[in-house]
Amino acid sequence: MSLKLSTRQVDGITVLDLSGRITLGDGSVKLRDATRDLLSKGSKLILLNLGDVNYIDSSGIGELVSAYTTVRNQGGELKLLNLTKKVHDLLQITKLYTVFDVKDDEASAIASFAKT
Amino acid sequence: MAESQASRVSMTLDSSLDSVDRVEQAAEQLAKAAGIQEDDIYRITMAVREAAVNAVLHGNAYDPSKHIHASLENTGTSLVIRIADEGKGVDLEKLPDPLAPENLLRGSGRGIFLIRSFMDEVHFRHLHPGTEMTLIKHLDTK
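Chains as they are written, first to last, in our numbering: chain A, 1 to 116; chain B, 1001 to 1142.
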């Protein structure tokens, strides 16, 4: 199942809803393009909703890290929402769970962003 | 092309992402047929996918003149998956530790680590040319 993305705005935060697989090729490229597109439009506060992402490979993990660092380097914030158990375990194994700001409730995730 | 016996499948495939998907699917079928639990099926298929990606991307560098060779076998006590490329060969034992603080935010370099995390044994063998990776998952035969 290829990756599907859609964006919505909630209280000044861009929520990127993802579903499917983030793997080498199509999935990773779509995530990279979407992040760059948001940044180019000035959207620097991004919440990645991974609730319907059932599979991420090492390339997908790398893309999440790249998105995180790219947004941070531009003065923004990128947080993760609704990790499935598999993705949660993957971030634990790779020690990235403590790097990312991971949320499991959208309302509190939205409220946690530092808005100016 | 693929030839299938009772519990062994061998494939020679192009250096493409389609080939990665095919090897992954074959691993999933092998693990399911062995009666392995769903969480372990996920780990095995991910490890095999990472090994196939490694062969296509880092080994053969998508070179259309090169192939990857995969064999997947249920020996009765273990699942044994071998994936070989025809590339220049890299010393996979000397890859940087992706868990080191200075490497945590790197955008790549986690594939071999995940393979080692999810399988019981991982072995590398230098070919001439290429590299063969053997992934082993022991079956609970009690």
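Treat the hints with care, since some could be wrong.
To be verified - The calculated label-pair distances, taken between Cβ atoms and stated as ranges, are: (1) B:Gly1076 / A:His88: 44 to 52 Å; (2) A:Arg8 / B:Asp1140: 42 to 50 Å; (3) A:Thr69 / B:Ala1061: 45 to 53 Å; (4) B:Lys1032 / A:Ser40: 19 to 27 Å; (5) B:Phe1124 / A:Ser2: 41 to 49 Å; (6) A:Ala107 / B:Asp1039: 45 to 53 Å; (7) A:Ser6 / B:Asn1103: 46 to 54 Å.
Claimed, not checked - Some chain B residues judged to face chain A by a derived CB distance under 7 Å, without partners named: (8) Gly1107; (9) Arg1116; (10) Leu1139.
If you're looking for bench data, these hints aren't it; they were derived computationally from the structure.
Glycine included, each C-beta is placed from N, C-alpha and C at the ideal position.
Status of the hints after comparison with the structure:
1. In this structure the supplied range 44 to 52 Å is violated for glycine 1076 of chain B paired with histidine 88 of chain A, their Cβ-Cβ distance being about 34 Å.
2. Remark: the range hint 42 to 50 Å for arginine 8 of chain A to aspartate 1140 of chain B is upheld by a beta-carbon distance near 46 Å.
3. Distance hint check for threonine 69 of chain A and alanine 1061 of chain B: the Cβ-Cβ separation is about 26 Å, which falls outside the suggested range of 45 to 53 Å.
4. At roughly 44 Å, the beta-carbon separation of lysine 1032 of chain B and serine 40 of chain A lies outside the given 19 to 27 Å, and the hint is violated.
5. Roughly 32 Å separates the CB atoms of phenylalanine 1124 of chain B and serine 2 of chain A, a value that falls outside the hinted 41 to 49 Å.
6. Checked against the given bound of 45 to 53 Å, the beta carbons of alanine 107 of chain A and aspartate 1039 of chain B, roughly 31 Å apart, lie outside it.
7. At about 33 Å, the CB distance of serine 6 of chain A to asparagine 1103 of chain B disagrees with the hint of 46 to 54 Å.
8. Interface hint at glycine 1107 of chain B: satisfied, since its Cβ lies 4 Å from the closest Cβ of chain A, which is below the 7 Å cut-off.
9. Given the 7 Å rule on beta carbons, the hint for arginine 1116 of chain B is violated: about 10 Å separates it from the nearest Cβ of chain A.
10. A hinted interface residue such as leucine 1139 of chain B counts as satisfied when its beta carbon comes closer than 7 Å to some beta carbon of chain A; here the least separation is about 22 Å, so the hint is violated.
Of the numbered hints given earlier, the model fails hints 1, 3, 4, 5, 6, 7, 9 and 10; all others are met.
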